[in-house]
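Trainee: Residues per chain are reported as follows:
2 protein chains.
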Amino acid sequence: MPTTKGKSRIEIVTSVMQANDRLAEQNRRRFAAAGVCAIDLIGSPGAGKTSLLEVSIPKLSGEMRAGVLAGDIATTRDAERIAALGVPVVQITTESFGGACHLEAGTVGQSLDKLDLDGLDVLFIENVGNLVCPAEFDIGHNARVVLLSVTEGEDKPLKYPLAFLEADLALITKTDLVPHLDVDLEALRRNVRKIHPRIELNMLSARSADGVGPWIDWVRRKVAGSTESRS
Amino acid sequence: MPTTKGKSRIEIVTSVMQANDRLAEQNRRRFAAAGVCAIDLIGSPGAGKTSLLEVSIPKLSGEMRAGVLAGDIATTRDAERIAALGVPVVQITTESFGGACHLEAGTVGQSLDKLDLDGLDVLFIENVGNLVCPAEFDIGHNARVVLLSVTEGEDKPLKYPLAFLEADLALITKTDLVPHLDVDLEALRRNVRKIHPRIELNMLSARSADGVGPWIDWVRRKVAGSTESRS
Numbered sequence: 080m081p082t083t084k085g086k087s088r089i090e091i092v093t094s095v096m097q098a099n100d101r102l103a104e105q106n107r108r109r110f111a112a113a114g115v116c117a118i119d120l121i122g123s124p125g126a127g128k129t130s131l132l133e134v135s136i137p138k139l140s141g142e143m144r145a146g147v148l149a150g151d152i153a154t155t156r157d158a159e160r161i162a163a164l165g166v167p168v169v170q171i172t173t174e175s176f177g178g179a180c181h182l183e184a185g186t187v188g189q190s191l192d193k194l195d196l197d198g199l200d201v202l203f204i205e206n207v208g209n210l211v212c213p214a215e216f217d218i219g220h221n222a223r224v225v226l227l228s229v230t231e232g233e234d235k236p237l238k239y240p241l242a243f244l245e246a247d248l249a250l251i252t253k254t255d256l257v258p259h260l261d262v263d264l265e266a267l268r269r270n271v272r273k274i275h276p277r278i279e280l281n282m283l284s285a286r287s288a289d290g291v292g293p294w295i296d297w298v299r300r301k302v303a304g305s306t307e308s309r310s
Numbered sequence: 080m081p082t083t084k085g086k087s088r089i090e091i092v093t094s095v096m097q098a099n100d101r102l103a104e105q106n107r108r109r110f111a112a113a114g115v116c117a118i119d120l121i122g123s124p125g126a127g128k129t130s131l132l133e134v135s136i137p138k139l140s141g142e143m144r145a146g147v148l149a150g151d152i153a154t155t156r157d158a159e160r161i162a163a164l165g166v167p168v169v170q171i172t173t174e175s176f177g178g179a180c181h182l183e184a185g186t187v188g189q190s191l192d193k194l195d196l197d198g199l200d201v202l203f204i205e206n207v208g209n210l211v212c213p214a215e216f217d218i219g220h221n222a223r224v225v226l227l228s229v230t231e232g233e234d235k236p237l238k239y240p241l242a243f244l245e246a247d248l249a250l251i252t253k254t255d256l257v258p259h260l261d262v263d264l265e266a267l268r269r270n271v272r273k274i275h276p277r278i279e280l281n282m283l284s285a286r287s288a289d290g291v292g293p294w295i296d297w298v299r300r301k302v303a304g305s306t307e308s309r310s
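For the record, the sequence lines run as chains E and W. Taking the working numbering, the leading residue of the first sequence gets 80, the next gets one more, and so forth. Taking the working numbering, the leading residue of the second sequence gets 80, the next gets one more, and so forth.
These aren't lab readings, by the way, just hints derived from the structure by calculation. As the structure is a prediction and not an experimental result, all values here were calculated from the model. Virtual Cβ for every residue (Gly too), placed ideally from N, Cα, C. A couple of the hints might just be wrong.
EDC-like, lysine to aspartate or glutamate: derived pairs with alpha carbons at most 20 Å apart [unchecked claim]:
#1 W:LYS301 - W:GLU279
#2 W:LYS273 - E:GLU174
#3 W:LYS301 - W:GLU245
#4 E:LYS273 - W:GLU174
#5 E:LYS138 - E:ASP263
#6 W:LYS301 - W:GLU142
Distance windows between CB atoms, simulated [what the hints assert, rightly or not]:
#7 W:ALA98 - E:THR93: 18 to 26 Å
#8 W:GLY188 - E:GLY141: 34 to 42 Å
#9 E:SER140 - W:ALA98: 50 to 58 Å
Produce the entire structure from the sequences given, and follow the hints as far as they go.
Mentor: Below, the structure is given as C-alpha cells:
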C-alpha cells in the first residue's frame with residue numbers, strides 16, 4: 080500500500096479497505112456454506128509456499144478433499160505444479176489487476192466461481208510472494224499461515240511485524256539448510272513470539288519432510304474446527 | 080500498490096506517481112550537484128542487501144567515500160550494522176509513513192537532509208525488502224540493482240518481472256549455498272535475460288566473497304560514469 084499523507088488519499092485508502100472487508104465477509108460466508116476451511120499462505124518469494132503444498136496435499140488425500148487458489152503477478156507455474164498433484168487449482172495472475180502485490184477479497188471471490196467449493200474440505204490460498212502487503216488484506220480466510228525460510232534471517236519477524244501479527248501459525252521453512260547457514264534459530268523463535276506471543280510455531284523442511292507431520296496435524300485441527308463450528 | 084479498478088482510484092494513483100516523479104527529479108538534481116552516484120538496491124527480505132554492503136564498503140574505502148540510506152518498515156538493525164563500518168548512514172523506517180512497502184522519492188528526499196551529500200561519492204540506498212513494490216517507484220537513483228538469492232528459485236524473474244525490467248544489474252546472491260540446493264543456475268540466468276535481455280548479471284557470495292570483485296568493478300564504473308557525465 081502506498082503511503083497516506085494527504086487527506087484525500089487517506090479517504091480513498093479507507094474506502095478501499097472497507098470495500099475489501101465487505102467482500103471478505105462474502106467469501107467467508109461462501110466458505111461456511113460450502114463447508115470449506117480456507118487457509119491463506121503468505122511469505123516472501125521463495126519462502127516455500129508451493130513446495131509446502133506439493134508435500135502436504137498427497138498426505139491429506141484420502142482423508143480430505145483439497146483445492147488451491149494460486150496467486151502470482153505473472154506466470155501459471157505454481158498452478159501447473161499443483162495440477163500435477165491431481166487436485167483442483169485456479170491460478171490468479173494479478174498482472175491483469177495492475178500487477179497487484181497481494182490478493183484482495185474481490186479477486187479471490189471472482190476466482191471462487193471457477194471452483195466447485197461444495198466438493199472441497201480445505202482450500203489453500205497461495206498469496207503473492209511478498210512479506211508486506213498481503214498481511215494488510217482480509218480475503219475471507221479462516222486461518223492464515225506466514226512462511227519464513229531460515230535463509231531469510233532471524234531478524235525478519237521484527238522487520239516485517241504485520242505478517243506475523245496477522246497469522247495464526249508461523250512456519251519456519253527450509254530447515255534442512257540450517258547446517259549451511261549462520262542463522263540463530265532460538266533468536267528467530269524469540270523474535271516471532273516478541274511480535275505475536277500466542278502464535279503457533281512449527282519448523283519444517285519440505286525437502287527432507289522433517290517437521291511436516293505437526294503442520295499436517297495443524298491443518299487437520301483447523302479443518303475439523305471449522306466443520307464443528309458449523310454443526 | 081493496490082489494484083486500480085475505479086476511475087477515481089486510477090486518477091489518485093496517477094497523481095501520486097506524477098508527484099513521486101517530480102520529487103525523484105529533485106533528488107537526481109541534488110545527487111548531480113553534489114557529485115554523488117546513487118545506487119538503489121532492491122530485493123526480497125533476506126536477499127542479502129545489508130550483507131552485500133558489509134562486504135563492499137570496506138573494499139571501496141580509500142578510493143571513494145560511501146554513505147547509506149537504509150529503508151525498513153521497522154527496526155534500526157540495518158543502520159546499526161552499517162554504522163559499524165564507520166560510514167554515514169540514515170535509517171528510514173516507513174512505519175511512520177503507514178508501514179509503506181517501498182521507498183518513495185519524497186521519503187528519500189527528506190532523509191537526504193540528514194546526510195552531508197557533498198562529502199560522498201556514492202550513496203547506496205537499501206530499499207524495503209520486497210521484490211514487487213519498490214520497482215514501481217523512481218526515487219531519483221542513478222542506477223538500480225536487483226538482488227535475488229539462489230534460495231529463492233530460478234523461476235522468480237518470470238514471476239516478478241518488473242523488478243528485473245527496472246534494474247541495470249541483477250546480482251544473484253548466496254552462491255555458496257548452491258551445492259545444497261536443487262536450483263538450476265543456467266535456467267535462472269536465462270529467465271533474467273528473458274525479462275531484460277540487456278541487463279548486466281553477476282553472481283556472488285557475500286559470505287565466501289566469491290564474485291564480489293566484478294560487483295565492486297561495476298560500482299567503480301557507475302561512480303566514474305556519473306562523475307564524467309558532469310564534467
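Trainee: Work down the list of hints and note, for each, if the structure agrees.
Mentor: So, going through the hints one by one against the coordinates:
1. W:LYS301 - W:GLU279: 12 Å, holds
2. W:LYS273 - E:GLU174: Holds, because 17 Å separates the two Cα atoms, which is no more than 20 Å.
3. W:LYS301 - W:GLU245: 16 Å, holds
4. E:LYS273 - W:GLU174: Within the cut-off at roughly 17 Å; holds.
5. E:LYS138 - E:ASP263: 30 Å, violated
6. W:LYS301 - W:GLU142: 14 Å, holds
7. W:ALA98 - E:THR93: 18 to 26 Å: Since ALA98 (chain W) and THR93 (chain E) have Cβ atoms about 20 Å apart, the given range 18 to 26 Å holds.
8. W:GLY188 - E:GLY141: 34 to 42 Å: This hint is violated: roughly 59 Å between Cβ atoms.
9. E:SER140 - W:ALA98: 50 to 58 Å: Distance hint for SER140 (chain E), ALA98 (chain W) holds at roughly 52 Å.
In this structure, the earlier hints numbered 5 and 8 are contradicted, and the remaining ones agree with it.
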